[in-house]
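Trainee: Chains as they are written, first to last, in our numbering: chain F, 112 to 348; chain L, 33 to 327.
Don't take every hint at face value.
As the list claims (entries may be wrong) - In silico lysine to aspartate or glutamate, DMTMM-like type, Cα no more than 20 Å apart, as pairs:
1. K199(F) <-> E235(L)
2. K216(F) <-> E234(L)
3. K199(F) <-> E183(F)
4. K260(F) <-> E232(F)
5. K191(F) <-> D246(L)
6. K169(F) <-> E234(L)
7. K169(F) <-> E243(F)
8. K184(L) <-> E98(L)
9. K253(F) <-> E243(F)
10. K216(F) <-> E98(L)
11. K323(L) <-> E237(L)
12. K278(F) <-> E308(F)
13. K323(L) <-> D174(L)
14. K129(F) <-> D210(F)
15. K238(F) <-> D252(F)
16. K125(L) <-> E156(L)
17. K170(L) <-> E118(L)
18. K323(L) <-> D246(L)
19. K169(F) <-> E183(F)
20. K260(F) <-> E234(L)
21. K278(F) <-> D292(F)
22. K260(F) <-> E235(L)
23. K129(F) <-> E143(F)
24. K199(F) <-> E237(L)
25. K191(F) <-> D137(F)
26. K216(F) <-> E237(L)
27. K199(F) <-> D246(L)
28. K216(F) <-> E230(L)
29. K216(F) <-> E265(F)
30. K169(F) <-> E230(L)
To be clear, the hints were calculated from the coordinates, so they are not data collected in a lab.
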Amino acid sequence: MTSDTAPPIDTALIDIVKVTKTYPPDIMALDEVSLAVGHGEMIFLTGVSGAGKTTLLKLLCFLESPTMGLIEMDKKDISKLSGHALQKMRQHIGVAYQDFRLLSKQTVYQNIALAMEVRYENPKKIKQRVLELLANLGLADKIHTPTSKLSRGEQQRVSIARACANKPPLILADEPTGNLDPAATSLVMDLFNRLHEEGTTIIIATHDQAIWQKSSHRIVNLENGKLQEIIKVNFDL
Amino acid sequence: MRYISFILGQLARNSRHGWASQVMTLFTVSLSVLIFSFFFLIYTNMQKASSRLGNELRLIVYLEQEVPAAFRQEFKKKITDFDRVEKIAFISKEEAFARLTRQLGQESDVLEDLDPSFLPYSVEIFPSNNLKSLARIKDFSDYLGSLPGAVKVQYGQEWIERFGYFISLLRIIVLLSGALLILTSVFMVSYTIRLTLESRQEELEILRFLGATDRYIRGPVMVEGFLLGLFGAFSGLLSLFFLFQWIKNHFSGPVFMNLFELSFLPLANIGTIFLISLLLCSSGSLISIRKYLKV
Ligand SMILES: Nc1ncnc2c1ncn2[C@@H]1O[C@H](COP(=O)(O)OP(=O)(O)O)[C@@H](O)[C@H]1O
Ligand SMILES: [Mg+2]
Chain F
112 MTSDTAPPID TALIDIVKVT KTYPPDIMAL DEVSLAVGHG EMIFLTGVSG AGKTTLLKLL
172 CFLESPTMGL IEMDKKDISK LSGHALQKMR QHIGVAYQDF RLLSKQTVYQ NIALAMEVRY
232 ENPKKIKQRV LELLANLGLA DKIHTPTSKL SRGEQQRVSI ARACANKPPL ILADEPTGNL
292 DPAATSLVMD LFNRLHEEGT TIIIATHDQA IWQKSSHRIV NLENGKLQEI IKVNFDL
Chain L
33 MRYISFILGQ LARNSRHGWA SQVMTLFTVS LSVLIFSFFF LIYTNMQKAS SRLGNELRLI
93 VYLEQEVPAA FRQEFKKKIT DFDRVEKIAF ISKEEAFARL TRQLGQESDV LEDLDPSFLP
153 YSVEIFPSNN LKSLARIKDF SDYLGSLPGA VKVQYGQEWI ERFGYFISLL RIIVLLSGAL
213 LILTSVFMVS YTIRLTLESR QEELEILRFL GATDRYIRGP VMVEGFLLGL FGAFSGLLSL
273 FFLFQWIKNH FSGPVFMNLF ELSFLPLANI GTIFLISLLL CSSGSLISIR KYLKV
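From just these sequences and the hints, can you work out the full model?
Mentor: Okay, structure coming up:
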């Protein structure tokens, strides 16, 4: 197996050009980062804690805006998006946040269904999809549990399920296996791989070597806010 | 259809948190609907009573001398310059005498030797039969008194004047209670909805992340305001109806009832009150949601 090569710019789904992000007072989280992500690509974004992984994902899901530089999605400058167009765009990006962002009083089912409800999906379809995801992620018995009553590992999987619910064209997962044991990790990675095979573009930020070492996908590494491509050496020759 | 079921589902979820403040708001809206419609009911009944009263009401202007036939048209015009009137009748001494005879009936023999000329000439004016004319009857009478040749103006009793004042007062009260209705419903509804929204802050934020459109967020909130208006108007008018029945049963003395034959608000007014309440409560919710949609 060889690693995927960077796609030519004109087929890129996401094009990040010289993006710098500084937080007040003068914390430079990203330093002139450039990255092109092709349609249907799966990318691992690695780096130690504090390297800027979360920041980069936040820029891609409109939670933060770059201090300098340009981000294009489908050839459109995302800083120009607002109002309805922005809302629609968000419906097409599934995000599994590092801090989960679940509704603590609502059940597992309600939390996942919400992502589909905002798109006015058919209730039957919603139910079917949520049940399928819960089965995939080993949460079927927690369906009616309020998320505040779940362990962190379970909450993490709920947030992943919610990100995948709509089968969005782009999924951003921030440390998706950070709280998971190996068994749960492989459930999650199986789900991502299946979606990737169906054509979903997936960006996974992680410092967990175990999940990218064996994969054939592209890996980019952040270090002190600077990005560099890793050409992976295959050990299992 | 699917949109509606989403809205109802969300509504049920939301109202689980803030039902106490919603009940309070419902109560306030009903109360202000009740207060407004109560005064409005009195007003419409007064209006009816006054038109009944107006039929019997006339002003009599006693004159120094008879108005010659040639000048009557001009005299009439002077009267109608002030206000529209139903009818103007010139009463000759003979006719006044004939009336007096009729009024005295069996005792009319006291008039037997008298000459009709001891009675003054007069003009009878029947003011037009609406509240406005009634309210300014005093001014009208003053005006008539100032006409050339007028000696004295007489009309009904003093209480008619008071009635006119009362009706003007009532009109002010109706206006004030209408303003109260507007203020309370808009403010209370927007306040409650703000509370609901604040308790849902976390949820709204997550909805935003998930790409919920303005329409998705606005829907249930608008419906909440609409329902508050609907049920508020309903329970307010229902209480008014019971209050009305109670008053009717307790004050059905014969004298009182003859003048004020009470009737409930006509359907058109009920519909208008419903509509106003709905409109006000919906705009109340719109006011509070607007702040959240900007984020
Ligand atoms: N909201 C913020 N305000 C200030 N500094 C921040 C904020 N978010 C992140 N940072 C800083 O930016 C740097 C990158 O953080 P982050 O993107 O969360 O890294 P990672 O996800 O790789 O651990 C860190 O030094 C962090 O302390
Ligand atoms: Mg992080």
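Trainee: Taking the hints in turn, state whether each one holds.
Mentor: Structure-based check of all given hints:
1. K199(F) <-> E235(L): Satisfied, since the Cα-Cα distance of roughly 18 Å is no more than 20 Å.
2. K216(F) <-> E234(L): holds, 11 Å
3. K199(F) <-> E183(F): holds, 16 Å
4. K260(F) <-> E232(F): violated, 27 Å
5. K191(F) <-> D246(L): holds, 18 Å
6. K169(F) <-> E234(L): holds, 18 Å
7. K169(F) <-> E243(F): violated, 28 Å
8. K184(L) <-> E98(L): Holds. K184(L) to E98(L) sits at ~14 Å (cutoff 20 Å).
9. K253(F) <-> E243(F): holds, 13 Å
10. K216(F) <-> E98(L): At roughly 92 Å apart (the allowed maximum being 20 Å), E98(L) and K216(F) break the hint.
11. K323(L) <-> E237(L): holds, 14 Å
12. K278(F) <-> E308(F): Roughly 12 Å separates the two Cα atoms, so the pair holds.
13. K323(L) <-> D174(L): Not OK: K323(L) and D174(L) at ~57 Å, beyond 20 Å, violated.
14. K129(F) <-> D210(F): Violated, because 27 Å separates the two Cα atoms, which is more than 20 Å.
15. K238(F) <-> D252(F): holds, 15 Å
16. K125(L) <-> E156(L): Judged against 20 Å, a Cα distance of about 13 Å means the pair holds.
17. K170(L) <-> E118(L): holds, 17 Å
18. K323(L) <-> D246(L): It holds: about 12 Å lies between the C-alpha atoms, which stays within 20 Å.
19. K169(F) <-> E183(F): holds, 14 Å
20. K260(F) <-> E234(L): holds, 18 Å
21. K278(F) <-> D292(F): Violated, because 25 Å separates the two Cα atoms, which is more than 20 Å.
22. K260(F) <-> E235(L): Distance of about 18 Å is within 20 Å: holds.
23. K129(F) <-> E143(F): holds, 4 Å
24. K199(F) <-> E237(L): OK: K199(F) and E237(L) at ~16 Å, within 20 Å.
25. K191(F) <-> D137(F): Cα-Cα ~25 Å, so violated.
26. K216(F) <-> E237(L): Holds, at roughly 15 Å.
27. K199(F) <-> D246(L): holds, 11 Å
28. K216(F) <-> E230(L): Distance ~15 Å between K216(F) and E230(L) Cα, so the pair holds.
29. K216(F) <-> E265(F): Judged against 20 Å, a Cα distance of about 15 Å means the pair holds.
30. K169(F) <-> E230(L): violated, 25 Å
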